[in-house]
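**Student:** Letter by letter, the chains look like this.
Protein chains: 2
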Amino acid sequence: MAPKKIVLIVCDGLSDRPVKELGMKTPLQAAKKPAMDALARNGISGTMDVIGPGIIPGSDTAHLALFGYDPHKVYSGRGPIEAMGVGIDMRKGDVAFRCNFATVDKSMKVIDRRAGRIRSGTEPLANAISGLKLDGATALFKQGSEHRGALVLRGPGLDHRVTDVDPHRESRILESKPLVPEAEKTAKLLNEYVRRSARILATHPVNLDRVRQGLPPANIVLPRGAGSMNDLEPLSERYGLKCAAVAGVTLVKGICRMVGMEVPDVQGATGGTDTDYVAKAKATLRLVDANDFVFVNIKAGDIAGHDGDFRMKLRIVESIDVMLELILKDLNEDVVVALTCDHSTPVSVKEHSADPVPLAVCGGGARIDGIKEFDEVSAASGALGRIRGMDLLPTLLGIADRATKFGA
Amino acid sequence: MAPKKIVLIVCDGLSDRPVKELGMKTPLQAAKKPAMDALARNGISGTMDVIGPGIIPGSDTAHLALFGYDPHKVYSGRGPIEAMGVGIDMRKGDVAFRCNFATVDKSMKVIDRRAGRIRSGTEPLANAISGLKLDGATALFKQGSEHRGALVLRGPGLDHRVTDVDPHRESRILESKPLVPEAEKTAKLLNEYVRRSARILATHPVNLDRVRQGLPPANIVLPRGAGSMNDLEPLSERYGLKCAAVAGVTLVKGICRMVGMEVPDVQGATGGTDTDYVAKAKATLRLVDANDFVFVNIKAGDIAGHDGDFRMKLRIVESIDVMLELILKDLNEDVVVALTCDHSTPVSVKEHSADPVPLAVCGGGARIDGIKEFDEVSAASGALGRIRGMDLLPTLLGIADRATKFGA
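Chains as they are written, first to last, in my numbering: chain A, 1 to 408; chain B, 1 to 408.
Among these hints, one or two may not hold up.
You can't tell identical chains apart in this list, so a pair holds if it fits in one copy or across any two.
In silico PhoX-like cross-links for lysine-lysine, where the CA-CA straight-line distance does not exceed 20 Å [as the list claims (entries may be wrong)]:
1) Lys350 x Lys405
2) Lys350 x Lys25
3) Lys32 x Lys372
4) Lys25 x Lys372
5) Lys73 x Lys405
6) Lys350 x Lys4
7) Lys4 x Lys20
To be clear, the hints were calculated from the coordinates, so they are not data collected in a lab. As the structure is a prediction and not an experimental result, all values here were calculated from the model.
Could you build all of it, start to finish, from the sequences and the hints given here?
**Tutor:** Right, here's the structure in full:
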């Protein structure tokens, strides 16, 4: 049997709990979503504990699990993922941090953790503080969206077990401290970097301009979430998959790059609720031609969940359904298409929850189990039963005739 | 989301197999149980392998698993649980034994393993043989119900890997032997204790009195089931749960105390088929006010199973249902209520069996899956799917918004 292509569509945080205003239905149960239901009807359903029962997944750990990696083994912090997300090509041994551009006063007290939610001008600022040679390491910095950025320290003998410089509130910036003796050098270099970059930022034209306009200057970077780059065997080597991703959010892009996916920029794919669903569908179809495995993340459902807005979530279900319809109608039945979520973000909780997520798979060798709808409860009666996130990719490889044999 | 309270109700051994006389229904399928069914209807169901598929749980290992501990790692024998159950406050390094008060003749041959099922007078006997100083350890003894008791050896360098003194039949008492060289001291001390305590018991007024009445004297204790106290991280530290239990049986009380639960004595909660269900319901409701997690065990179903009495089991289902109704009607919908069993004790087997048990959870963030009845078969179609006992508490913590996040 010829190996088949796989499309995995992850609706970030779309899975939910019963909503009183919807007559104790979940948004997925209440919404009109003919394409999602068609996928379920033509395939096999189940539910999934993305990490494990009773464990609330972060978006980072969840995606690692969905790509078949054990997050308990490969996840050391969010820094490396953000760094990969903004496009720094990380290497083994690097230590990375998420950063905010922020505003400090002369006593180094943070007076705005987001530098007035600065939206433009961070690229020249980032360029000015990237490439600094420290005592035994190089610091690479790149801006992300809005006030965000990522810092990578590269050099011998670094260790990610250091505390944050970011005070996480409006108070004096913190000295990074080593959590283990091996991380002493890293903490020292990090503190040195923050001081030296602050001197450069203080007199940078972008900031002088902001001060003239009465805006808070982006005169410091606040590193947090240190992590080291673990040696992730890319999906291409692990499973022989040529793979690509359609994703708008930096974090998700970062994970995709970490596991060796190509992540082209898609015009209009914002990672917000205003994302261009048609553009995402078109990008997906384009990538299917040249790849074995195409991953699609749609962030909007998670945002509606965090906002506690069930009406917005209903609308997003329906928008994703339109996107899915465009994808399904142009794919032949040989392509294995899986639809699921990375975690639940119930509107009643406004945060991720540990509730399992629905899963439906059609195409390729997928069985047809008689489940007719795609939602948290219908999926639970499906023939896939209840699986763990780490088992998803192997399951899809099986259905796509890409699994390997053990024994004779 | 504010964390919610959890009530876990375990119907000991209530789960069963098809019964011929009930038209191949199980007692749970045949009984009238409107409260149990309401719980299922308003929540989510599933089945549970308390330890694992094809493993017959003991009540001790089962409860450890239900509280989230891996019994394969933390269980070393029943002694410590019985000791905690009778109220000896065990410490790390202690070695404990279950004991019977028994009758021996002059040649140390056991002629009655239960000393004529002695029912009273064991407290002064226990006091007389508790606190003995041995060569390098202290022996603590406390009576349990009827002929039962528990022995704890406390001192440096003890090891539980020793054989029983109890011959488990009417023959000469056994010398305890070390199973590993490290346990040599413990075996020696145990044998010393049995001899010395026998001398004290022989002339104790309670026994002289029994002999005068023609009753077999309780002139020896027969230790068995050696176990050491493992370092169990209590639920309060592990999950931040303030917790309490309503339980009548010594064994279950012991496990509850081991994991850090408060276990108040409930008047009328006998651990028998005559238990006061209303008193148990009231105690539960009282404890819910002051705790995050309240555990309730009802032993009666297991007794009916061991007796092979399906009519008694039907009556017990209905009695538990009355208790459940009292509990449910006074709890608000925020409280997560779970109903399950620690194992099956089919009336056709008269022993524990490896059959999975039904599980239903309502309240808090529980999804509603359309299952309308609480029994072994209906529950298996529920959206919880099939889980393991060790996953129960994490699952309940998730539904109660008490789970922890992994990642960002």
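**Student:** Of all the hints numbered above, which does this structure not satisfy? Sort the numbers upward.
**Tutor:** none
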